[in-house]
Structures are given as structure tokens and as C-alpha cells.
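**Student:** As a plain string of letters, each chain reads:
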Amino acid sequence: MQVDTPQVLFKNRHLGRPATLAEYRAGGGYEALAATIGKRTPAEVLQLVLDADLRGRGGAGFPAGRKWQGVPTDHVGTRYVVVNTDEMEPGTFKDRILVNADPHLVIEGIVLCAYSIGASEGVFFIRPSYEGDAELIEQECRVAREHGYLGNNILGSDFSFDLHVHRSAGRYICGEASAQIKAISGLRPNPRKGGPRTAVKGLWDCPTIVNNLETLANLPGIVRNGPAWFKALARSATGSGTKLYSVSGQVARPGCYELPIGVTIREIIFEHAGGMAPGKTFKTVIPGGASTPFLPEALLDLEMDFDPMRAAGQRFGTASLMVFDQGTCLVGATLSLMEFFARESCGWCTPCREGIPAIRELLRRIEGGQGTEEHIQMLTDLLPVLDKAYCAFAPGAAEPVRGLLTHFMNEVNAHIVQKRCPFGNPPPTLRGKACGTRPIQFGPTPCPEDQCPI
Amino acid sequence: MSPLPTELETELARLVAAVPRPREAAVDVMYALQRHYGYLCDEAMHCAARVLGMTTLELESLATFYDYLYRRPVGRYVIHVCDSVVCWMFHQDSIFDYLCRTLGVPPGGTSEDGLFTVLPAACIGNCHNAPTMLINGRFYDRLTPERIDAVLAELRAGTEEPVRCK
Amino acid sequence: MADKKQGVVGAFLDGAAGLAGSYAATMTHLFRKPVTEQYPEYKRPLPARTRGRIVLTRSPDGKERCVACYLCSGACPVNCISMQSEVGPDGRRQAAWFRINFARCIYCGLCEEACPTLALQLTPEFAFCKDDIADFVYEKEQLLVEHGGKHPDYDFYAHAGVAAGGPKGSHIGEDDPVDVKSILP
Amino acid sequence: MPDLIIDGRAVSVPKGTMVIEAAERLGIMIPRFCWHKALGAAGACRMCAVMFTAGPVKGLEMSCMTPAADGMVVETFHPEAVAFRRSIIELLMVNHPHDCPVCDEGGHCLLQDETISGGHSLRRFPGRKRTYLDQNLGPFIQHEMNRCIHCYRCARFYQEYCGYRDFGPMQNANRVYFGRFDDGALENPFAGNLADLCPTGTLTDKPARFVSRRWDCLRAPSVCLHCSLGCNVTALSRYRRVARIEARENAAVNGSFICDRGRFSAGYEAIPERPRSARLDGNAVPAIEAETALAARLAALAEKHGPGSIAILGGLRSTMETQAAGIALAQAAGWRAPAFFATRTEQAATQAALAVLTPPRARSLAEIGKADAVLVLGVSPLFDAPMLALALRQASRAGAKIIVADPRPVALPLPFTHLPVPPRQFPAVLAVATGSPDAAAAAAQKRLPFAPELWPGLETAAKALAAAKRPALVFTPGLAAALPDDDRLGLFPVLAQASSAGAALLAPTDAPGLDELAADVAAGRVKGLVVVEADLFAAAPGLAAVLGKLDLLVVLDYLPTPTVAAAHIVLPTTTIFESGGILAASDGRLQAASPVQSPGDPVARDGAGSHPPRAFDRPLPGTDPAPAAFLLDRLARGLGLTLPREPLAALAAAIPALAGLDLAALPQDGLRPAFAGLAAPLPAPLPLSAESGLAVIYTDALFATDEPGRYAPLAQAQTQAGPPVLLLHADDAAALGLADGLADGLAVSLECGNRLVPATLHLSRAMARGVIVVPRVPDLAGLPPILGPCGLRRR
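Protein chains in written order, with UniProt numbering: chain X, 1 to 454; chain Z, 1 to 166; chain L, 1 to 185; chain D, 1 to 795.
A hint or two may mislead.
Restraint ranges, calculated between C-beta atoms of paired labels, are given here [to be verified]:
#1 D:L742 x Z:R35: 31 to 39 Å
#2 D:E303 x L:R104: 53 to 61 Å
#3 D:E249 x L:I106: 58 to 66 Å
Rather than coming from a laboratory, the hints here were simulated on the basis of the structure.
For clarity, every value in this text was computed on a predicted model and none was experimentally measured.
For every residue, glycine included, the Cβ atom is placed at its ideal position computed from N, Cα and C.
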């Protein structure tokens, strides 16, 4: 573990077990809450968050404070905080690590957010594969309740807030805020667009704030140490705070690292993640989760921050770096991503429901050596269609394909010219079916046991 | 339709009472019935509809939408093998193929002894340990054929109490 | 100029040459084989695509091709086709009755072009006379033939994508039916 | 009022209008699949993409999801937009089957139109096509899921618009399936609209399956006569048979939809039993012979007993032309004033219900859908006027509070308060609910002291109505005299039958009730009776019982009713599909229907075997029927009388409310006259106060309880076999010693006149005490208003 970078969220990270309440309190835990409830007004907390320029860590990077400002102040009735722990984007596992590292940090952040917007109900939306984490949170919520950090009259004040866990049954689209609200309401989780924002009319038609878990976990630090401290954590001029970077793929030490915002991609991969895995040569990296394009080597010195990356035509996303080596077929990798997107679409709009499977079909043909120039033309024709889909899902799915066609066209052409996969992958016509696929060759992942808190 | 055990009825009533509106408990109730029946058979769907005051179609809308609610019979252990890009990079397809061949089932099929169902799954959030799989709420990391054999043997021996997906 | 100078003899010779030429043409034709064909006795083979009497053909499995889609009657510029569709005993759409009034038909072939199942085809048969004009109204039984006409191999239902030609998903280029309750992601 | 420019033309639209609607105002039809006027935007198909070249929105956007804003410049034919839409079509056609020839939608298919107009003809994609298995969705809707383009119109209509939850989307991604949990009939009584809504052939009209292509049908605007709402329909006819009924857009009445009763109750015009030739004493004769004989017999009767011994009786399912001709004939011949309603009271009540519809108070059906609190009094919306339920659902979706006070158990697809009160308490309920909300609790206790369970509901009703900005009252005509004089409260009456309003407008105030006519016949004061399009056995059993005393019974009708069978002389008339005509809806709206086909046997029956006749050397069989108004006019001429050339116009000129209206040129949306000038309403007597016994409440079913519907084969097929089902409050049943608790399906017999009718008794607690709910079937038409203690007994 690197020690030269400030550890805010992972301060209490222990090997193989979550931090206890005592450990969390020993590190200054719940001080922010004690200093806030009954001592600061909700508006002051909101101002802190606005000043700190805390941006959403779930992918879109929308400023959290601005989102909270949308909550109508005159609303009578319940307001909700929904904690989005549905990360299902391939390559992303930061929330799981975070919950497992320091559950009380998360709980304190949620309560602070609730206090700021005047919410009395919280829903911890968690994906099914994190069942252990759901139980952990439920357990730690009980502990927090016993100690007066949660439930009625928090810390003796007249502020009450309670949190319950809502288990999802698993679909990537549930991570979208409006879809998540529908999922909690027992409706089909199709995203909703148009009409009032969720901050005005969300869960059960009440004002609802949906924030990523990591976003909320930053609150205790901001409240305790102030916005200036938080901004100073970042290494880039425009950024603020630290970020959990999930690094996976062909690196020596895959894992989740807390590093400042603004750190370069090269530094993450080659310093913190220990460089490429033995015997592997860097080819490309997907910098922000599956819905961001492949990043060519030339851009490795890009700062990981929302605005600089957007300016470079890349996306910060969830800061989940997936590193590919020279031996990996990017057509195959894109196909794998498209398999994911095609399966996880909610089926609402045409570009997503029909377009992504069409792309998948074309990529299957190209990967299987039956591709033609016309298929590439069709892929190119489809990308702008995907960009105009109902929600951000299909445009996200278009990104890796666009990255492939922009930066790695030579690889695609090689498939077409050689009429087979130049990396030796067999045709994926029956991929995902027991058909005998690639030559048995199992992952030589180096085992950084010390990275894994579970 | 056989009546549900009293404990289960109590549990369902508790789940429905714990949330602001019964609809919110839809997934939880279906999980509970799935644990009881093994999968969501039509009878389970009718039970859920009765408990939640929703129609079977509304529940079917959800049950078929989601990944971890099974409307077809499954084995005691449902093996979700992650097939997203990082696992793919580490030859997930070979792992999957190996699993299917070892158990003698097609994808989505259940082994003859009724113990295992093999399913491909979207990213399960364990990419740093790729290739990986999830069995009844537990991750199995950095799979190799040997590791798979060991896991299957362990589960077969029943040494591990099943941690059912809730 | 030259004409004016030729004189009487020249004019005579010129006329004689013209006469001789015409006689020569007549004489050669006297000894040529006549082109007249003895029509009723001899019928010249006509190209397959000649637009004559209309028939309703059958698909390779022997079933009626016509699905009574009303496109031919819609396309017909003289409104000589009429029909009524119904559900046949095998669940397929078929014509309850199908009628072409050949007294009105202009053999334009638009119906054949419109026919999406290649059922309706024009044949080279062009001469069919009746004593009573009402006999020109042909019913389905008279129109149906026992073969596939110009397209013996085509079977509409193999491409249609509806169940009537076999179970869903069994046709050319079709996937197996979606299992709504599938547990596969 | 945002001003924008679409394709170079300026348009100004109300705030909140979407660009796709704004374009429609200019006559620019932007391609769409998921967007529908009534359902709004879903943004699912992405077909309506247009280019915004300047203004607040820039670039390619969906016109259905972009509200019009000032300064927008929209290009619908921008190359980028066209290319995008072409791609969408290409994607939709990737999986759409190749089966237009066998698809019923072909010819009026939105997808077909867009595909062809977009120039898509070759499938570039190499993949295989997706297929689905289909479901049996009951008798009305055919399912062919392969054709689905997933526009979600069906699910949005079914679940959101109608509020039924047994049909919807399943699965995700490109496997989304629209259907039911398992095979079975759709529960939604508006499900027929799915066939209209579905932009492809996924959901089509099952009874009309394979019958015809749209282009081969004769089409005409018509008006539904299966309840009193006057929904607008389009009738499609082929070969002298109504092939299909479709909803016709009328923003003021039914919007874009109709109910299944209206859609699937045609077919009576083509049944073999329909009277198609004149009959004289039981023998079919040429029409002229019957008419001559009729004139002679009527003249003789008038000679012998005086013209006052002849009465004419008009139907409540006739057009206003027919009703007016009957009235004119009676007046010209000096016969008794024509009778329409069962009693004078009913006529007065119906007239009063129309008279209260002054411009500030009258509401259309569409306005009921926009009300913010509705009190429904004495009407069970789903059965008495199905489309009213859909309007209430729309009001409820927008947040309106709905209160239904009706003795019957009421089921509605929306949250509502049900006050099960017997009819005699309607005035009390009305007074409390429309009175002061603060005094409501006290008033409720005072006026309904015996029903404490109703007090909270009444109080909520009073509060909701008082707090509402646009409250509305839906009422049954009996209550017209008791209505509060409050211009804020909108009024919408629901009448008994399609032409009740017409009869009420036209009938002279001295018109007798059918009960009086029965007494006159029984006493021998009436010797001759001319019945125009009415079935006495259903409408007036008392009169039907004494028909034998008549010297002459003449029936003009298009339905094979028992009255027709009993007649001495029958003259066949035409249906609304053959003659058209004007109908007045329950809110007094005058609407014109056009004829769509000629009378005569359908081609299917006319000819040998499966073929229509080959030679047209004989008159078209079955073409004797003529519009009843013509027949009456000819009859008048036979009697040496002259009727006005247009009896309706002449009669209307004399009625203040209708005077000055040009009935020959009614606008497309219909015309609602101001009824201020209508004859002052008679004080309608209060409904019966029953002290002992059970008050009989007739109720309609969704199908085949209206008169034409009873003769429609398809509607008839929807009725349950077996004895009629009666409904009784469980406590009443216990008091009568019939059952203890909520036992269902008791076999009972019901005393009806001098017969005992077997019936099945169902018990309920969601209904009023002291009433018995009886289906409106002819078998049970002759029940007394109050069923004595022995009227209902165990079988």
C-alpha cells in the first residue's frame, strides 16, 4: 500500500476485516456528526459541500451540492436519501471495498447528507452480489442506532433519520438514479427522463437525493476539515478530494487505491498498481469503467479528473481502470463489453434495445473472421444512433466501440484481412456457451493478498 | 396450493410491514419465496401477489427483469460466473467451459444431482480477483481448473452451510 | 444537271431498271418458304413470361400459396380480382373464395408483381374463348394449379416469420423463441 | 405562448406543447411510434428525431420530449435527422418479420408506412431474427409478438391510462415481451383499443381477423349507440357487413378511445334473423303490399274507434329523425301523443336532467376527465357508461378525488370512495356532499342516522368537493330536481339509453308513459299500436302482457325482437350503419352518424356456398329495410296526410333549445346546445321509499344488456351461460334466512309477474342494504319495483 498519498476514505482500512465503530471513533469518526447536528444549520452543511466542490463519484460527476440545492425547501412530508451501491459497471468494485473497509464512515456520510436536505428516511440500495456487505451495513446500522448515530433523535437532537437496506435483484440499469427509484418502488427500473427531477419528485413522489456511496463517504471529512482541506487533497487545479481508483486487468497489483483526483493515469498504473503484470506490455486502458472509450498510450499522462478528461475526449466515469496488454484482442474485449451492455439494457428505447445487440452481432462476425468492410460501415452508422438513446446507457456502450474504431482500427482491419482473430481467439459464435473456446490458459494474476480487505 | 409454513408467512408479513409501501418489498418477498421454493415457481408468484397486493403480471415484470430471481428451477448452488471484460481477459470463457464440462450442463443448466446451476453473470464487482465467480453470496477468486474442482468438491461434501442469496 | 442531260433513252433505261428490280423481288418471293403459321394447328411456343391467363400456384409442399392478402386486387387497375380471406384449417391465412373476371382483365401483370407470395402468376395461355361472357369469371377452383409455376421452390412461410408455416423459430434465419422466464442473463 | 419555426413556417402554441404536437398543428406529421396524443411521450422509439438548428435547444433531439420554446428553429427534413430516423427503422426492421401479406395490420400499419416512406428495403444486418411465442389474449385481441417493435404504447395504455394490471412488459433488453402472466382473456374492458393503438400487427382485432384490408372497406363516421355517452366511432363495412368498429377521435367526448362494448357489439345488422322483408299477418309480403294494408287498417281503425284509439311508441335507440317522424305522424293523424319513456316521471326526469345543463354547468365527458373532484351519484360507471370510468381514471390520475354513491358493488380501476346507498337516499347524500364541508359531519348524522359507516365517506366527499376548483357531479336523471343551485359544480347526467336525450328533447310534455299506454290498451281505449324500434317485452313488460287486446300491432324495427314476432304488420327498418342519423348524447350533444353500407344481406350469405352470386340479374336480396322515418312518411302519405319534409328540423324549430340550429350541418365534434331554453323541468318525484321488501335495481353488464347488443353475436358470446346472477347484501340475505355469511352462488328463484325465474344469488358487503341488484335481461324485465318478502326464495 502506498503511504505517500493522503488516505481519507481508506484511513481505517484493515486487512481482511471492516473497521469497528471503536476504531472509526478513534480516528475522529462521528466527530463531524457531533459537530453538525444541532450546531450547524442544514444550509451551512450544504454550503460546505458546495464550497468543497464535491462531485458525484458514480460516473457522471454532477456536483453533489448542486443536486441537493434542487430539493424544494417547502416540501411537507418525507424526504429520502438513496445511497447508490449498485456499481455493476465492469471494472468497478470500489464501493464494495469501501463498505468493507469502513462502514461507519459511510453511515456518517449518509446521516450528514440527510441532515443537510432534511431527509428522514434513507434507502441503502445494494446489488445482490454484495449480499455480505448488505448484511454488514445492516449490522453496523444496528450498532450506530444503539449509539444514537442513527434512528430517532440522533445524538439527542430532534433530528431523526433511519436507514434501511434495499436489496436489488441485479441489473446494471438500476444504478441510474431514476431507474433506482423505480426499482425501490417495485416498478420496472426503466429510467425516467423529462418531468421533475428526482430531487423534486423521486421516491414515492417525495424529494429524493440519489448519491453514490463514495460521494457520501467524503462528507465527514469535508465537514470536519473544511472545504479548503478537501480541495487541497486534489492534485489538479479543478478537482477536489481523493478518489477510489479500481485498477484491474493486466497489472502487477490490481486493487482499489485511494489517490488524489488529478493523479495521472501513468502514475496509477505504473506506480501504485505496480506496473504491468510480469511479461505483459501495455496496450491500452479503459480509464473510467465500461462506458468509457479505450485510451491510447499517448494519453497516459492525462490527469484523472472530470474536466481535463472530458476536454481530451475521454471520460472520468467511475475511475475504474482496466488495463489491457498487447496480447489481448481489443475486438474481443469490446465484444465482451457489448455482451454486457446488450444483456443489461432495460429494453426501453430502440437504439439500446436493438442497436447494442446489432453491434454485438457485427463484432461477433468480425471477431470470428467473417467481418467485411460493410460491417465496419454499419458499426460507424450505429454509433450516432446510440448516442441519441433515452438515457446515458447506450451512449456509454458506444464509447468503447468508438474508442476501438478511433484508436485501434488496425486491429479491426487485421481481423477482416486475415479472416480470423490475429490473437488466436476462436470464433465467438457460441461464446458463453459450453463450446470449447480459447485454448485453456488460466489467469496468471499475481496475488496481492494485502490489497484485499475481504 | 399448499399453505406456506407459519414462519415464512410471518417473515413475509414482516418484510411487507418494514417498508413504507408493500410494493417496495416486492423483491425481498420474492427472494424469501425463492429461498423457500428453491426458485420462483408459479405458486410462489401467486403467493407473492397475495402478500403484496400486486398482480402476478406485475411481479413477473420484475422477476423476469432481474438477474437473481429465478423463474426456472435451479440447483442448490447457483454459480454466477462473471463474464465481463476483465474476467474475459483472464480467460473466463475457458473457466466457464470447464465448469460446464465438469458438471455436464449447458449454460443455465442444472447438474443431474440438482446441486449446481451454471450461469454467466454480469460483472460481480470482483475484478481485481479475476476470473471470479459467485456462489450463493460468496466470491471465489482467481479461478483455475484446480480451484474449481476444489470448490465443487467442497460444496458437494456439504461442508459449507449454504449462504443463500437473499 | 445530270438528269436534264440524260434525254429520252436515259429515262427509259432508268424506268426499265426500276421495273426489273421490282419483278426480281416478286420472283424471289415466289420461291421462298411462306412465313404464315397455321395458327390453330400450330401454336408457337411462347416465352415463360408471356402475360396470359392467370393461375394460382402452390408451394413446394403442395399447399396453396395464396394468402388472400388483397394486394393483387388492390393493384389491379381494372378491378377484376376479388376475394375473401379466412383462416384455413391449418391456421394459415387463405382465400375463402378468389375470383378473376377475365372478361375485364387487361393482362397488365401488375397483380403478379404485387403478389408477395408468388402465388399469382400469368401464364402463356392467351387464347381461351367462351360462349358466355359470364364464363370468363374464374373461381379459385379454376385458377388453382398443381405446381409452383415459374418459381417452383419458393415457400413464403419459410421466410415469413409467423407461426403458420411451422413452429416459431423454425424458419430460415430465425432464432429460437425467446424464453420469457429464462434465467440466463 | 412559445413561438417557433418548423420547416420554415412559424407557429405559436400553448406553453407545454411538445414540438411534435406543434408540428401537427402545421400539418407536419413527424414520424412516431411511441408517442400518442392520449398517452404522451415515452421517448422509447426515437423515431421522432428532428434537427433543432437554432434556439434554446440545438442539435438532433426527440420532438416528442422537447417542449416548444421561443425562438426554436426546427427542421424535420434535415439530412442528419432523416438519416437518424432511417437508422431507427433499420434497427426496428432487424427483427420484424417478413409477413405483411398475412398480417392484418398491413394497409394501415404505421411501421409499414414509415419503412416504405423511409426507403428501407434491404436488410443489411447479418444476424438472425428474434422470435417469440404468442399468448391467447381472449376473444378480442390477437397476439403476434414477433411483430412487436417495443413502443410500449400497449403497456402504457393498459396500465397507466386504464389502470389494469394483468398485461404488461416482461423480461429486459432485447427480450422484452408484452403479455400476460399466463394465457387468458384481458381483464381491461377497454382492451380493444390496443388494436387501434398498436403501430404494428402485434395486437390486432381478433374478430376482424383476416376479414378485410382497410382500403377495401367502406368507412364512415358513426356514433356508438350502446350507451348514452355518444362516443364517436368509425364503422368499416365490407360486403354489407360491419367488419370492424374503430374509435374516432373526438376531443370533447371519447378522446381517442372507445370501450369494448362499443367496439364489439356490432354485428346485429348482419344476423340472419334480422327482419328483412315486410310481413303481413305472419307472411312475408312485398313492402308496398304491407304498407297499403297498413294504411287501410289504420284508416279503418280510426274510422271505427276514432284516431285517439291509435298510439305510436318510439324507441330509445332510434335516431332523432325517426323519433321526430313518429311525433309528426301522431300529430298529423291526431293519434295519441307518442310515448317514449316507461313512465311520465322518467320522461320528466330526463328532460329535467337536460334542462339543468346550462352553459356554465354543463360538462363534457372530456371535462369530467379534467375535473379535480367528482361525485358520481346513482351511476356505476363501468357498466352504465364504460367510457365514463376511463374519464374518471384520467381525473384520478391527475389527483382528483372520486366518490361513487351507488347501491351496487362498484369496481373501478382507480382509487375511489364507495358509498353504498339505496336510491332513496341519493338526495340526502347529494345534500350532504354538496353542502357546507364544515357542517358535513353533522348533516350526515342527521340525514343518514342509520348508516354511521357512511359518515366519514360523506364528510370526505363534502370536503373534496368544496376544496376543488373544478368539481363535477355525474348523476342519474332522477336527481335532476334535487341538484344544488351552484354554478361551480359541473354537471354530467348519464341517461338510460343512446337516444334517451333525443326523446327527452323532442317528446311533447303531455306524452304518456308506457305504463299509461298499457292501462289504456288493457282498458280498450287504445286499439292500434305502432311501435317504432322498441322491444316492449324488455322496455314495458306491462304493455307486452296486454298486446293481445290490440286490434292492430304494427312494428317497425331492425332487430328480431319478440315484439316483432307478435306484430300483425312488420316493416323492416335500417340500422344506423345503413341510414345514419342524428343522436343526442347524455350531455345533450347532437352528433351525426353517416351511413356506411346499403341494407341487404351480407355477401357471405347471398350466393351459393363460398361464392358470392355470379350473376346480378335479380334485385339485391334483403334490401327492403328502409329508414323508419321514410316508412313513417310513406305511411302518412298512405293515410292521405302530409308530414313536413324534414320532421326533425320542423320539430326542432319549435323547441327553444334547438331552434336555429342547422341540424343538417352538425360540426365534426358535435354540437351542444344551451339548454337554458328547455321547458322548465317538472319536479321529479323522489325515488321510491321502500319500507318493506327489497328495492329492485337493474344493472347492466359490459356486454349484451343494451338492446342492439343483445342481438350482436360477439357480444352475446361474452355473456355467461346459466341463470342470471342476483346480488344481495349479506345481512339482508341473513335477515331473509337465505344464507349466513358471504356464501356465493346460492340457487334461488325470483318471482317475476306470475313466473318463477331461477337465478343465482351472490352476496356482498360492498353494496347497499335493502336492495336487490338484478341484471337487465328480458327474462327479468317484469319485476315489481319493490320485491316482496316472498319474491326471493331458495330453490
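**Student:** Does the structure break any of the earlier hints, and which numbers would those be?
**Tutor:** Checked against the structure, the only hint that fails is number 3, while the rest are satisfied.
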